[in-house]
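A.B. asks: Below are the chains, spelled out letter by letter.
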Amino acid sequence: MSAFPGASCPASDRVVACFLDGAPADPSEPRFLAEHLAECATCTRALQDARRLDGLVAATCQRPDVAHEAELLARLRAGLTNSRPAQTGTTAPRVPRRRALALRSLVALLGLAALALSVTTTQREAAGPTAAAPTATTLQPPAAPHASEGPTLVLPDPPAGSRAGFVPESRPLPTHEVPFVRALQLATEAEFANLLAPLGAALLDGSERDRLVQLVDGLDSPSGERVAARLLRQVHTGVPWSLRLAARLPEPTLLRALRVRVRGDVARSELVVLAARANPEPALAVELALGLWADLECRGGSAPREHVAEAWFGALPTRCVPALVAELVRTQNGEQRVRCLHALAAAEAPHAATTLALFARGPRHEEALLATFALARCLPPGARLDDLRPAWSGAARARPATFTEFLRLCEASRRGPVESE
Amino acid sequence: MDADLVTRTQEGPGADEVRLLHAARLGDRDAFTELVGVHVAALHALAHRLCGDRHWADDLTQETLLRAFLGIAGFRAECTLRTWLFGLLIRLAGEPRRWRKEGPVHLHDVEIPDRLGAEVVDVAYGRELGDRVAEAMERLPLRQRAALHLRAVEGLDYAGIATVLGGKPGAARMLVLEARKKLGARLARYLEP
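Chains as they are written, first to last, in numbering that gives the first Met the number 0: chain S, 0 to 420; chain C, 0 to 192.
No lab work stands behind these hints, which were simulated from the structure alone.
This structure is a prediction, so every number in the text was calculated from the model and none was measured.
Honestly, I wouldn't trust all of these hints.
Stated by the list, open to error - Below, in silico cross-link-like pairs of lysine to any residue (SDA-like), each with a Cα-Cα straight-line distance of 25 angstroms or less:
#	chain 1	residue 1	chain 2	residue 2
1	C	Lys181	S	Cys39
2	C	Lys167	C	Arg142
3	C	Lys167	S	Cys17
4	C	Lys181	S	Arg76
5	C	Lys181	S	Gln47
6	C	Lys167	S	Leu19
7	C	Lys181	C	Arg131
8	C	Lys167	C	Cys78
9	C	Lys181	C	Glu153
10	C	Lys181	C	Asp130
11	C	Lys167	S	Arg44
12	C	Lys181	C	Gly169
13	C	Lys181	S	Arg44
14	C	Lys181	C	Gly166
15	C	Lys181	S	Gly21
Said to hold, decoys possible - Quick look at which bits of chain C chain S covers, simulated, 3 or more residues with Cβ under 8 angstroms:
#	stretch
16	40-47
17	63-77
In this text, a Cβ means the ideal position worked out from N, Cα and C, and glycines have one as well.
Here chain S stands alone, though its shape is the one from the complex (with noise of 0.2 angstroms):
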């Protein structure tokens, strides 16, 4: 064994921190302490082995790989948005083309939806309209000068024949409409739905629906947004016409509306859910789920996302599973994969497993260690390794230095709580 020379020679540390640190004591010790070098085996050894050992700690550095340095940067960029407040303004955000389509089929599933409770709906009518007027007493839209009867509403002439309601054609928004739907914006639940009902009836028919439609989205955008978003939440309690009416919405407004909802609510998030089942494409539901998912993620939120997470992945078909695994593997944002990964095991889908093991045998140490954990929980208790379904052992074995911490993870996910005797 060799003896670290420090101590042997008093002019060890000078050599070091001349030769190696280039922090000579004055102008002329370099010359001096070389002539000693020359002399002196204690210092010269004490010099190797300070380079060697310099050099051991810089070898021995953990640098982040690019695919994580990008990560540490997004988790940045992220929390400085989280920062500050918001800025002001919302820019409206670029639908990509696929996102687009799933939209389509989430208009599908709504008009279908829309479709059965037009019967209820046709009932009331022959019942007679049920809604009120407005009762909140805190707003009313001006009166236009040839209102119809029931609640007063800015509305214009109904052409002679046609029901109460919007002139369908379309045209500029005439000033006298803007109040109406400023009244929609700043509405209470209560009140929204009864400015609206008395046109229940009226809605349902594609002219008038339209034109609201288009009153709606011919406000600045963060309005109709607005707007959009409170007919969608009507969607959810049932209102009928609210559903035919978000069908009717333009898929731009549509999904910021989607976002709008499911930020303010992240907990009910049926409609992402149900918008991913409906979708026929695999690909594009699963691209819906994880851009909605991304949108939450920069904007932050106060709801737990591991719950979040389980409730829209988990919920994704089993047809979805290549497309969302062919998604997480494309993506950098490891922090999502990892959420996805934790879904996937805490959902114990039957297609988990699958997805499970194409993890285990990736190369990031946490996703596979997330994956590899996940599938211990999914064995069934006094379940051994050979036991195990061939595709698991087979991810097992691909990796030999996981597969005793494999097997390790096993018997720790079996260990429950001590039983009470």
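Since chain S is already given, all that's left is putting chain C on it; use the hints.
C.D. replies: Leaving out everything else, chain C in the frame of chain S:
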């Protein structure tokens, strides 16, 4: 912007960095991200050295950069930006029990080697050496560990280390030399020619 500051910053960093710094001071997040992006790897490496854990290092790096954004107005370019960031990180790392791995290892902290197939002897030896160095470094006091890392990995001189850690170059010299001695004692067998 202060003319003296402009002069000082232009002597060191390039014009691009000056422009980004100015924009970052005005709250431009993109400019700040671009400004610090080149330092993220070095920050994370130092954080990993101090925490001994990748996930804590992620968090420490993130916290450092966020605080840097909030306090960018306080950067007076008396040192390089990297040095300033290192100083922030080390001050954060010094907060008691916040960033240090303590207690039992949690499941997700387990490092799984990425080698498949049969292990070659030299590969196994290399991994063992890396583990031994990491263990020896972890046993050093925080300031000595940081000082040696800054010297051996980042190439800072004693004055730069003193700026990061606070104090004088002479104290930084002692930290580096002491760290080497302790490390050498623990890794003596690996230093034999």
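A.B. asks: Each hint needs a verdict: does it hold in this structure or not?
C.D. replies: Hint by hint, here is what the structure shows:
no.	hint	verdict
1	C/Lys181 x S/Cys39	holds, 22 angstroms
2	C/Lys167 x C/Arg142	holds, 13 angstroms
3	C/Lys167 x S/Cys17	holds, 17 angstroms
4	C/Lys181 x S/Arg76	violated, 40 angstroms
5	C/Lys181 x S/Gln47	holds, 16 angstroms
6	C/Lys167 x S/Leu19	holds, 19 angstroms
7	C/Lys181 x C/Arg131	holds, 13 angstroms
8	C/Lys167 x C/Cys78	holds, 14 angstroms
9	C/Lys181 x C/Glu153	holds, 20 angstroms
10	C/Lys181 x C/Asp130	holds, 16 angstroms
11	C/Lys167 x S/Arg44	violated, 28 angstroms
12	C/Lys181 x C/Gly169	holds, 19 angstroms
13	C/Lys181 x S/Arg44	holds, 16 angstroms
14	C/Lys181 x C/Gly166	holds, 22 angstroms
15	C/Lys181 x S/Gly21	holds, 21 angstroms
16	40-47	holds (count 5)
17	63-77	holds (count 4)
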